[in-house]
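Trainee: Please model the complete structure; the sequences and the hints are all you need to start from.
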Amino acid sequence: MSLTLAALLPLLAQIGPTGTQMQAPLDLPRKKAAVSGPPAPVTANPVVQRLRECLDLTQTDAAAAVTSAIAWRDGAVGSARVPAGHCLGLALSEQGDFAGAEAAFLGARADVSSSDSADKARLGTMAANAAMAAGGADRALGMLAAAQADARSAADKVLAAEVGIDRARALVAMKRDAEAAAVLAEARADAPGNGLAWLLSATLSRRAGKLGEAQAFIEKASAIAPQDPDIGLEAGVIAVLAARDDAARKSWRSVIATAPGSDQAKVAKGYLDQLDPGPTSEGR
9 MSLTLAALLP LLAQIGPTGT QMQAPLDLPR KKAAVSGPPA PVTANPVVQR LRECLDLTQT
69 DAAAAVTSAI AWRDGAVGSA RVPAGHCLGL ALSEQGDFAG AEAAFLGARA DVSSSDSADK
129 ARLGTMAANA AMAAGGADRA LGMLAAAQAD ARSAADKVLA AEVGIDRARA LVAMKRDAEA
189 AAVLAEARAD APGNGLAWLL SATLSRRAGK LGEAQAFIEK ASAIAPQDPD IGLEAGVIAV
249 LAARDDAARK SWRSVIATAP GSDQAKVAKG YLDQLDPGPT SEGR
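At position 226 of the sequence shown the residue is numbered 234 (my numbering), and the sequence of numbers has no breaks.
Derived by calculation from the structure, the hints in this document are not laboratory data.
Positions of the beta carbon are idealized from the N, C-alpha and C atoms, including for glycine.
Check each hint, because a few of them may be wrong.
Calculated lysine-lysine pairs in the BS3-like style (CA-CA distance at most 30 Å, straight line) [what the hints assert, rightly or not]:
hint: 1; residue 1: 183; residue 2: 228
hint: 2; residue 1: 165; residue 2: 258
hint: 3; residue 1: 165; residue 2: 183
hint: 4; residue 1: 258; residue 2: 228
hint: 5; residue 1: 218; residue 2: 274
hint: 6; residue 1: 228; residue 2: 277
hint: 7; residue 1: 258; residue 2: 218
hint: 8; residue 1: 258; residue 2: 274
Distance windows between CB atoms, simulated [as the list claims (entries may be wrong)]:
hint: 9; residue 1: 78; residue 2: 271; range: 27 to 35 Å
hint: 10; residue 1: 122; residue 2: 215; range: 34 to 42 Å
hint: 11; residue 1: 84; residue 2: 227; range: 45 to 53 Å
hint: 12; residue 1: 75; residue 2: 201; range: 35 to 43 Å
Mentor: Next comes the structure, spelled out in C-alpha cells:
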C-alpha cells in the first residue's frame, strides 16, 4: 500500500501525542514477559524522512531542493513519485517559478492513486494557487473546481471548504463577486468553524456595501479566532464605514496589541493615524 500525501502532511505541522490523564491502575498480578530487555528501536519511514529533508531544504537552499526532488521523482515509479513532486512544487514556488510549480503539482496529482481523491484535491489546490500567483486566475478556477469535486468524492467537507475558499478568491480576481459569495456560503456550511470563510465573506459583503451582513460575518469570524489580526483589521474597517469610530479604534488597537511588529499592526497604525491625524496619534 502506498504512502498517501495525507499521511505525510503531519510533517508540515508537527503535533505531539495527546490523551486524557489516566487514573492510577489497580495492582493486578501479571504474567512475566517471556523475553526482557530494551525495546526494539523504531525505524523512521524512509519516505517520510526523505520528504522531511526535502521540505527543510526548500527553506535553506531552494535550488538544491529542486535538484534533489527531480532526482527523487525521476527515480521513483507511480504513486511513489507523489512526495517528490510535492516537494519539487514547493521548492519551485520558493524560487518564484510559479509556472514550474504548477506543472510539478499537477504532475504529482496525476501520480496519485485514482482512489485517493483527497490527495488529488490537495495537490490540485496547490497547483491552482501556483497558477494564481502567476496571474492565471482563470486557469486556477478550473483546477479548483476539479479539486473541490475530488474533496467531495472523498466525503471531506473540511477539505471541500478549504478548496472553496480558494475558488472564491479566484472568482473575486476575475470580478465574479456574486459567484464568490455563493461559493463562500457553501464553505461556511461545510466548515462552520473555519474563521477564514467568515472573514472573506465579511470582506466581500463590505465591498458590496452590505454593512449589516458584513458585521454579522465578522462577529462570527472574531468568535472563532479572536486574536487573528486580519479579522481585527477587517472589523475596524467595517466599523468605521458604519460610523462607529470607537469600535474601529478598539479593533485596530487590539491588532497592535496582539500582533506587535506585524504587517497587520503597521496597517492598523496607519488606519488609526488616518482616523485621528496629528501629533497625538503617536503611541496609540
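Trainee: Taking the hints in turn, state whether each one holds.
Mentor: Hints, one by one, checked against the model:
1. Annotation: proposed proximity of residue 183 to residue 228 holds, straight-line Cα distance about 25 Å (limit 30 Å).
2. Taking the CA atoms of residue 165 and residue 258, the gap is about 35 Å. The hint is violated against a cut of 30 Å.
3. For the proposed pair residue 165 and residue 183, the alpha carbon gap of about 26 Å is at most 30 Å, so the pair holds.
4. Restraint check for residue 258 and residue 228: the C-alpha separation of about 17 Å stays at or below 30 Å, so the hint holds.
5. Straight-line distance between C-alpha atoms of residue 218 and residue 274 comes to about 27 Å, which keeps the hinted pair within the 30 Å bound.
6. Taking the CA atoms of residue 228 and residue 277, the gap is near 24 Å; set against the 30 Å cutoff, the hint holds.
7. Using a Cα cut-off of 30 Å, the hinted pair residue 258 and residue 218 holds, with the two alpha carbons roughly 22 Å apart.
8. Taken as a hint, the residue 258 and residue 274 pair is honoured in the structure, with Cα atoms around 15 Å apart against an allowance of 30 Å.
9. Between residue 78 and residue 271 the CB atoms are about 34 Å apart, so this pair conforms to the stated range of 27 to 35 Å.
10. Judged by the Cβ atoms, the range 34 to 42 Å given for residue 122 and residue 215 holds: they are separated by roughly 40 Å.
11. A C-beta distance of roughly 49 Å is found between residue 84 and residue 227, which places it inside the suggested range of 45 to 53 Å.
12. Here the CB-CB span from residue 75 to residue 201 is close to 41 Å, well matched to the stated 35 to 43 Å.
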